[in-house]
Amino acid sequence: MNIALEAPYLPLAGKRLRQETSRDDRIKFGLMAVIGLYLVVALGAPLFVMLSKSLSTYRFDLAAFEFQVSDETGAKWGPVVTADALNRTLGAVAEGDLASSADGRLAATKFFPDFSFRSPVHYRIRGTTDDAAFLAGSTLEKGTEWREYDSGTFRRIMLRPARTLGLDNFKTYFSTPALARSIYNSVLMAAISTVVTISIAFALAYGLTRSCMPLKGLFRGILAIPILVPSLLPGIALVYLFGNQGIFKDWLLGYSIYGPIGIVIGSVFFTLPHAFLIILTALSIADARHYEAAASLKASKWRTFTTVTLPGARFGLVSAAFVVFTLVITDFGLPKVIGGQYGMLAVDIYKQVIGQQNFEMGAVVSVILLVPAILAFAVDRRMQKRQVALLSARAVPYVPKPNVRMDTICFAFACLVSFFILGMIAMCQIAAVVKFWPYDLTLTAKNFAFDLMDGGGWSAYANSIRLALLTALFGSVIVFAGAYMVEKADAFRFGRNVFHFLAMMPMAVPGMVLGLAYIFFFNNPANPLNAIYGTMTILVVSTVTHFYTVAHLTALTALKQMDPEFESVAASLKQPFHRLFFRVTLPVCLPAILNIAIYLFVNAMTTVSAVVFLYASDTKLASVAVLNMDDAGDIAPAAAMGMMIFYTNVAAKLIHALLARGLLARTQAWR
Amino acid sequence: MNRHMFLMLAGAMSVALPAIATAQTELTVYTAVEAVDLDRYKATFEKSHPDITINWVRDSTGVMTAKLLAEKDNPQADVVWGLAATSLLLLKTEGMLEAYQPKGVEALDKKFVDKDNPPSWVGMDAYVAALCYNTVEGEKLGLKAPKSWDDLTKPEYKGHVIMPNPASSGTGFLDVSGWMQMWGEEKAWSFMDKLHENISAYTHSGSKPCKMAGAGEAVVGVSFEFPGAKAKSAGAPIDIIFPTEGSGWEAEATAIIAGTANLEAAKTLVDWSVTKEANEMYNAGYAVVAYPGVAKPVEHLPSDIAAKMIDNDFEWAANNRATILKEWQKRYDAKSEPKS
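Residue numbers (our numbering), protein chains in the order written: chain A, 1 to 671; chain B, 672 to 1011.
Quick caveat, the hints were computed from the structure, so don't treat them as lab data.
For glycine and all other residues, C-beta sits at the position ideal for the given N, C-alpha and C.
Some clues are possibly wrong.
Claimed, not checked - Okay, the calculated bits of chain A under chain B, using three or more residues with CB under 8 Å as the criterion:
#1 242-252
#2 339-346
As the list claims (entries may be wrong) - Calculated lysine to any residue pairs in the SDA-like style (CA-CA distance at most 25 Å, straight line):
#3 K743(B) / R163(A)
#4 K488(A) / L594(A)
#5 K829(B) / D250(A)
#6 K782(B) / R155(A)
#7 K1001(B) / A445(A)
#8 K997(B) / L140(A)
#9 K786(B) / L452(A)
#10 K435(A) / K997(B)
#11 K142(A) / E765(B)
#12 K249(A) / E827(B)
#13 K979(B) / T915(B)
#14 K110(A) / W987(B)
#15 K815(B) / K782(B)
#16 K142(A) / K743(B)
#17 K249(A) / T806(B)
#18 K1001(B) / R579(A)
#19 K713(B) / S459(A)
#20 K142(A) / A770(B)
#21 K743(B) / L140(A)
#22 K435(A) / E810(B)
#23 K786(B) / S116(A)
#24 K249(A) / A955(B)
#25 K1001(B) / D150(A)
#26 K858(B) / T109(A)
#27 K142(A) / K774(B)
#28 K865(B) / Y255(A)
#29 K903(B) / A445(A)
#30 K865(B) / G855(B)
#31 K815(B) / F436(A)
#32 K997(B) / D150(A)
#33 K142(A) / N990(B)
#34 K781(B) / D150(A)
#35 K811(B) / D440(A)
#36 K249(A) / K997(B)
#37 K171(A) / K782(B)
#38 K718(B) / S617(A)
#39 K967(B) / L215(A)
#40 K142(A) / E769(B)
The shape of chain A in the complex, shown without the other chains (with noise of 0.2 Å):
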């Protein structure tokens, strides 16, 4: 490495010495600048741009409205006065209710009491700014010129709010009590669905890494599989087996599907693989010397268990739990199918800115949206600082021993959970084929003639097939290099921080509010980059960023295994970086590679939030078809659709199998 000093000879103090930036190293910081701008330019200023627009208000400006009525004859016309100076001597509307929205109307009508639409006398109204807008019937009318209105045209006339900054919205929201209420309900849902699922989930991996029971790998097949699917579909399951026609109906004793409970049940659904996984990795890395101490010590199972085990998965149970809550509060597909009048943060985007066309009020929800997302992510992050290091070199593997009583039960357990899976599974398969649930029992394929639905047919399909590779091939690409650079770049350490933030930002965003936040941002013909509005780039772009951090942590995991002596030989043999990289790095990291693909286009299969404020009619989407088919009532295709993305997402998964299985063959010898 070169060392420059920065003067010919040597300083006497004061004067630090700096590395010269070899050129190498020029390459990687231009690289992480371009991913950088990336996340930037996709995450950041869409974010900001949303969170101004929260700001963005209406408000009846009565100040702007000018008022001139005629006497009987029509001819004379008395003075000139101010809507606003009539309201101040009528008191016609109260201050509150000048906060508007963007659709708001208000009755000119409303400051004349003693109007009547049988009177001959006139009126004359105009603004006192070129902005001030208001309809005659519903046609807009702008500006300062005075117009004139017989009192029969004049009772339809409204005055159009303005458009200003402040925090009306804000309050509209929280003086709104079904919305307000939303909070609170979001919340609670999360709560019981985290300690329901983290209970069922540690229970699974306690059974699996402190049993001998049989068929681990079996259950851990299936327990994989709720990440395949839309988490739309458990909702349409549910309806199937509890909803009023349902199977089961009877099992919840005279209570609905629709609320609460479908909530819950579909949330632990497709939260369970995702918390199991993080609590297997965890108690999967037990010291058996632990063990063997507290067995010497003659400590009770009970207290082997809160001594022992239960510590040592303390950060994962924490990080599974964050997880869970994050998933189950920014989720939408599940209560828009099951959530009944049951109202959720999520579903009140949806509702505001698709039934009211509502974008501001839109804007506010996904604002308070991210405060739990985000409280959720500091809070985990915080902790997985403390974590340290359980596993010294010292370590014997825990091995279990056979246990007749204790494995019955975890293998009954485990039975139990994946008979609901595949329960839920089955039935949305018999759903898809069954002609009209529950009065024609006989099978048909015509719940698969998408085409002739709603929702987008056949050709959404494909859309998201090429979704899923586009993201799973850019996403990768840009998620390793971006990874590389702030694990392997030497110099440029604020940058890398900065960078390292930017990329785990995603993780505590809300699909949704992603989604709205690029309506505000490329939707907007200024935007340089306004092209790619309502194109498959634009999808490819959000979904990339919606999934950006497990992706980044998984590239920087693998990263991380390597040991930087390859780094320091290259140089040392002045080998620039990109040989290492190709010849080193990425075969070594291929099977990290390839996990993020297919992490990427699995994701990209099932997302609706991220994607449904952003499809265009040619690129609708399988995820938004099954949303959209579901909405009109058509839950039969819907559940063929979604049953579509299961079966290509297991195809994926075997094609990675064994693509990874070939691969990593020729690859990973080494290992």
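Assemble chain B onto chain A, guided by the hints.
Quick look at chain B alone, frame taken from chain A:
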């Protein structure tokens, strides 16, 4: 990576640029017409106007309206053909529509044409509020089929009625605005207070209640006639009931987007959309069309639906929408706990 970024941008460009190969006029037409009808509409129009090509952009009414509003400052559509008149009125109040008097519009029923002159939108057909009643489930529960809106407030229907949420569904709003125009606001609110006690769920879409009634998830679905006829054809054990008091309704309509670069072609399309031929085409799915004397009865639907339609004031509905929805949400959304 630079290369990949470049490829991505290049990919974006190629998607963004439409094919400019043909000398024909291409019209970007936004629509919420049922997916099954699109090809037929396109083919029928292009047969009589081979020099114009329609490029459909289709989505549900709510999404389409949101999309059009979002594109307010940078419109992408030339024409909207087949969107709720209430949505078009919303666009009109934003100054987004080009007023145009289509040739032959005089032949249409007045209530299907915008009141202003020249009109900003012209109607195609109507969808009319109706009840879908599941006869099998009704019999199991010992219920009688409702005849009127008022019947729905009877205690025996508690938990068996499902209706669209007016805040997110155009159909839901046409029900509410229909009640208000029929009975006046006060009576309509007291009716809805009682109805709310019987509602099991408010759905996001307008056709879902009927399909849910068809599947037995509810006994009575407040919806409109079209999905009812469709569900019945698919084998749902339902009766389609038009309440005796009358039904609110919504027109599907056509309008030109202001600022379109293809104004002449857009006018040609709108001219054609009001012809008898076009109305016969709409009649395949819709029992009531804008051109008087054209409509033939549609399977599973009575022939006198037009008589059930109330005198609908679209302007009143559009101008009072925000206030009504605010009150509706205050009254009914807050009680968001599900009822069994």
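Mind checking the alpha carbons of K249(A) and A955(B) for me, to see if they're no more than 25 Å apart? This hinted pair is violated, its Cα atoms lying about 39 Å apart.
Within 25 Å, alpha carbon to alpha carbon, are K171(A) and K782(B)? violated, 40 Å
Between K967(B) and L215(A), does the CA-CA distance stay at or below 25 Å? With Cα atoms ~65 Å apart, K967(B) and L215(A) exceed 25 Å; violated.
Pairwise hint evaluation, L594(A) against K488(A), where the allowed Cα distance is 25 Å at most: holds, 20 Å
25 Å limit on alpha-carbon distance, applied to hinted pair K142(A) and K743(B): OK: K142(A) and K743(B) at ~17 Å, within 25 Å.
Mind checking the alpha carbons of K142(A) and E769(B) for me, to see if they're no more than 25 Å apart? holds, 17 Å
Assess, step by step, whether the Cα of K142(A) is no farther than 25 Å from the Cα of E765(B), and give holds or violated. holds, 11 Å
Does L140(A) sit within 25 Å of K997(B), going by the straight-line distance between their CA atoms? Holds. K997(B) to L140(A) sits at ~23 Å (cutoff 25 Å).
For K781(B) and D150(A), compute the direct alpha-carbon distance and say whether it is at most 25 Å. Holds - the C-alpha atoms of D150(A) and K781(B) are around 24 Å apart, at most 25 Å.
For K865(B) and G855(B), compute the direct alpha-carbon distance and say whether it is at most 25 Å. Holds, at about 16 Å.
Assess, step by step, whether the Cα of K815(B) is no farther than 25 Å from the Cα of K782(B), and give holds or violated. violated, 35 Å
Between K997(B) and D150(A), does the CA-CA distance stay at or below 25 Å? violated, 30 Å
The structure is inconsistent with the numbered hints 7, 9, 10, 15, 18, 24, 25, 27, 32, 36, 37, 39, although it conforms to all the rest.
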